[in-house]
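S.K.: One letter stands for each residue in the lines below.
Number of protein chains: 2
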Amino acid sequence: MQRLVFIGAGNVATHLAKAFYKKGYSIVQVFSKTKSSAKTLADEVKSSYTTNYNDLIDDGDIYIYCVTDEVLPELISQKTLSNGVHIHTAGSVKMDVFDKNRQNFGVLYPLQTFSKNKEIDFSKVPLFIEANNDFSAQKIRELASVLSKKVFSISSENRQKIHLSAVFACNFTNHLFSIAQNLLGEIPFEVLLPLIEETVEKVKTISPKQAQTGPAKRRDNNVIEKHLKALSDKENWQEIYKKLTEDIQRERS
Amino acid sequence: MQRLVFIGAGNVATHLAKAFYKKGYSIVQVFSKTKSSAKTLADEVKSSYTTNYNDLIDDGDIYIYCVTDEVLPELISQKTLSNGVHIHTAGSVKMDVFDKNRQNFGVLYPLQTFSKNKEIDFSKVPLFIEANNDFSAQKIRELASVLSKKVFSISSENRQKIHLSAVFACNFTNHLFSIAQNLLGEIPFEVLLPLIEETVEKVKTISPKQAQTGPAKRRDNNVIEKHLKALSDKENWQEIYKKLTEDIQRERS
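Chains as they are written, first to last, in my numbering: chain A, 76 to 328; chain B, 76 to 328.
Please note that a few of the clues may not be correct.
Copies of the same chain are indistinguishable here, so a pair counts whether it falls within one copy or spans any two.
[Unchecked claim] Dumping the calculated DSS-like pairs for lysine-lysine here, alpha-carbon to alpha-carbon at most 25 Å:
| hint | residue 1 | residue 2 |
| --- | --- | --- |
| 1 | Lys169 | Lys317 |
| 2 | Lys191 | Lys284 |
| 3 | Lys108 | Lys175 |
| 4 | Lys284 | Lys309 |
| 5 | Lys284 | Lys317 |
| 6 | Lys191 | Lys108 |
| 7 | Lys292 | Lys309 |
| 8 | Lys236 | Lys318 |
| 9 | Lys108 | Lys154 |
| 10 | Lys279 | Lys93 |
| 11 | Lys110 | Lys292 |
| 12 | Lys279 | Lys193 |
| 13 | Lys175 | Lys154 |
| 14 | Lys98 | Lys224 |
| 15 | Lys318 | Lys301 |
| 16 | Lys292 | Lys318 |
| 17 | Lys175 | Lys301 |
| 18 | Lys304 | Lys236 |
| 19 | Lys317 | Lys304 |
The hints are simulated quantities; they were obtained by calculation from the structure and are not laboratory data.
All chains should be built: construct the whole structure from the sequences, respecting the hints.
M.R.: Take a look at the structure:
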């Protein structure tokens, strides 16, 4: 079985490492600058860990980088590793970040939102892969296919498009839920769940553009004015309300 | 069985009228200024219709107003009706809009998004009701309970809070899906569905604030800059991206 090394111990690393561990892979090393994170993850997947990047082993089969886009190029350039296949998991970093000092490399980008205390069923998660040569391609597809039935080869450019879309469809959507919860005050957030579920149900059968409803779409200025007034002491949210309302109306005209 | 009159023939009127018709209610009249809408809905629920508001019958049992917030007060003041219980369905209109020329009245606000070609299962839709006296309260609760198990009495003020929250959690969320679809270009929107479903799954068990992930939350400025650059020819979306990113970061600090 392949010996995996994880660089990073955040949400993505944790979910991936645990998923591969469950499938029988050996996680042989976890690196994180933060000792508590490195140790926590290493303990969960019965791996060793290091907080010193220079102690990274050089005989792993697959190195999986789950760090921020800022840190990734620094880490790669800091140490040349000729063995193994090197894979990053970022949505918006080009594959060629590995060009200079790795031989076999690629990308495995899981299109999912990973929170610490929420298990993920990887079998339904789309995994977008890319590789620098046939050897890497085979290794990465093999690895990805262990976790998910939805493995797609895709270019760096299209991966970046998907990542940007995902920020709107997931991260920003979640933040709108957060604003909604705050606006509800004492009223429990649960009252909104049937509405939120239907909002998602709809876009499974009709396009979001067709599915659009609400005061902005109806151009119900009376409601819009009331809402802006209700948001008068929440400047940021009033701005967000205005921008999204304008944009819904712009789309239609 | 109660004889219902519908004022309005848009999405809300259509979904409600059809739901009550299926439950055995007689829809006796549909009013809409737009003849085609009035006729279409009237045909579906075997009702008569009128495009002349002055022809509204005065012996209905329950009058259900499903019109924009702008039109509602005008319509009410245009004709005094002493009989029947008068109910509006708007999120942000106070109950006392009926004060001057109706005797028994209230509100039945369904917290749901209604699109023309998408059936709704009302049994799970929260219905928020309000009434001006015990008689109206009994009639409105009776009517609402026929459709849904989730009937809640609520003040006009709290109803407005829920409506405003719903605009963020549903209408604006749907628009983010629309932006995401557009950004995907040729890539099918379906790739985002598992992510969107998980985004919703998460807020069933943890708060949206806890569930937040993404470049804004991680303060991954590298990604944020790439995304803003990718949006450089889409000024509105770039603005929306900035505002939501700032707001996610503001919330955390």
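S.K.: It remains to establish, for every hint, whether it holds in the given structure.
M.R.: Do the hints match the structure? See the list:
{"no.": "1", "hint": "Lys169 to Lys317", "verdict": "between (35 Å within a copy, 23 Å between copies)"}
{"no.": "2", "hint": "Lys191 to Lys284", "verdict": "between (33 Å within a copy, 13 Å between copies)"}
{"no.": "3", "hint": "Lys108 to Lys175", "verdict": "within (23 Å within a copy, 70 Å between copies)"}
{"no.": "4", "hint": "Lys284 to Lys309", "verdict": "between (28 Å within a copy, 17 Å between copies)"}
{"no.": "5", "hint": "Lys284 to Lys317", "verdict": "both (19 Å within a copy, 22 Å between copies)"}
{"no.": "6", "hint": "Lys191 to Lys108", "verdict": "within (18 Å within a copy, 54 Å between copies)"}
{"no.": "7", "hint": "Lys292 to Lys309", "verdict": "both (23 Å within a copy, 20 Å between copies)"}
{"no.": "8", "hint": "Lys236 to Lys318", "verdict": "both (22 Å within a copy, 20 Å between copies)"}
{"no.": "9", "hint": "Lys108 to Lys154", "verdict": "within (15 Å within a copy, 73 Å between copies)"}
{"no.": "10", "hint": "Lys279 to Lys93", "verdict": "between (30 Å within a copy, 23 Å between copies)"}
{"no.": "11", "hint": "Lys110 to Lys292", "verdict": "between (51 Å within a copy, 22 Å between copies)"}
{"no.": "12", "hint": "Lys279 to Lys193", "verdict": "both (24 Å within a copy, 11 Å between copies)"}
{"no.": "13", "hint": "Lys175 to Lys154", "verdict": "within (11 Å within a copy, 79 Å between copies)"}
{"no.": "14", "hint": "Lys98 to Lys224", "verdict": "within (14 Å within a copy, 44 Å between copies)"}
{"no.": "15", "hint": "Lys318 to Lys301", "verdict": "both (16 Å within a copy, 21 Å between copies)"}
{"no.": "16", "hint": "Lys292 to Lys318", "verdict": "both (13 Å within a copy, 21 Å between copies)"}
{"no.": "17", "hint": "Lys175 to Lys301", "verdict": "between (58 Å within a copy, 22 Å between copies)"}
{"no.": "18", "hint": "Lys304 to Lys236", "verdict": "between (36 Å within a copy, 12 Å between copies)"}
{"no.": "19", "hint": "Lys317 to Lys304", "verdict": "both (11 Å within a copy, 23 Å between copies)"}
The structure fails none of the hints (numbered hints given earlier).
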